[in-house]
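S.K.: What follows is each chain in one-letter form.
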Amino acid sequence: DTGVSQDPRHKITKRGQNVTFRCDPISEHNRLYWYRQTLGQGPEFLTYFQNEAQLEKSRLLSDRFSAERPKGSFSTLEIQRTEQGDSAMYLCASSLQGLAGWSSTDTQYFGPGTRLTVL
Amino acid sequence: AQSVAQPEDQVNVAEGNPLTVKCTYSVSGNPYLFWYVQYPNRGLQFLLKYITGDNLVKGSYGFEAEFNKSQTSFHLKKPSALVSDSALYFCAVRDPPDPAGNKLTFGGGTRVLVKP
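In order, the protein sequence lines correspond to chains A and B. Numbering follows the numbering used here, in which position 97 of the first sequence is assigned residue number 94; successive positions increment by one, without gaps. Whatever position you read off the second sequence (first residue = 1), add 327 for the numbering used here.
Incorrect hints may have been included.
[To be verified] Non-contacting residues of chain A with respect to chain B, defined by C-beta distances greater than 12 angstroms in every case (computed):
| id | residue |
| --- | --- |
| 1 | R12 |
| 2 | D60 |
| 3 | S63 |
| 4 | F71 |
| 5 | E75 |
| 6 | R78 |
[As the list claims (entries may be wrong)] Rough simulated footprint, nothing fancy, chain B against chain A, three-plus residues with beta-carbon under 8 angstroms:
| id | stretch |
| --- | --- |
| 7 | 14 to 27 |
| 8 | 37 to 45 |
Calculated directly from the structure, the hints in this document are not laboratory data. Built from N, CA and C at the ideal position, the CB exists for glycine as well.
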């Protein structure tokens, strides 16, 4: 399977602990996105990378959240001092952005998500 | 700012009947519109998108969507629903001229239940 993969699929942690999630995008994709989805809601944008550069961050991404994509391949999302309100599904997506601006191939393909439960 | 509305929380339809899932959008320019489907405990699967061109877009699994600029709508349709189409459907928009337009903005989702 050459789709987007995420690890772990499920994470249960206690309030105040730190957690880290990993996303491996489709191999040739240069853009990588993180979204958060709470129960009964649509996904909400958190941040995205073009290669290794983090180009945009949502106001939802508090200073307890940090994301990296050190070599322009996989990405990690870390949440420090978790709170019960952080409980959600964290989705990763990737896309191929053409160099000449908006490309018709720029469809975001999503991974299976990591479900975080903070007790 | 871009936004999407899915006015129906749930749509019930009998197997074999036509299925329509509604979506309206608000953007500052010409939108890029997407439909995704989500099965329980799974990520989102891409169904189809509208970028430009024909207003009727055909996608995966027999789904299609019609872009209507005057009504700012992008309704998802399937002529004959299957029980396996039961899932959560999300409409999403991107607003390319917007500097923050690389992100997708999603609607709240519509749960589709197809009864045998």
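S.K.: Confirm or reject each hint.
M.R.: Here is how each hint holds up against the structure:
1. R12: With a cut-off of 12 angstroms, R12 (chain A) remains clear of chain B, as the shortest Cβ separation is near 24 angstroms.
2. D60: Consistent with the label, D60 (chain A) stays out of reach of chain B, its closest Cβ about 20 angstroms off (over 12 angstroms).
3. S63: holds (18 angstroms)
4. F71: Fine: 16 angstroms to the nearest Cβ keeps F71 (chain A) off the interface.
5. E75: holds (20 angstroms)
6. R78: Holds, because the least Cβ-Cβ distance between R78 (chain A) and chain B comes to about 26 angstroms, which exceeds 12 angstroms.
7. 14 to 27: violated (count 0)
8. 37 to 45: holds (count 7)
Hint check: a violation occurs at hint 7 only; the rest are consistent with the structure.
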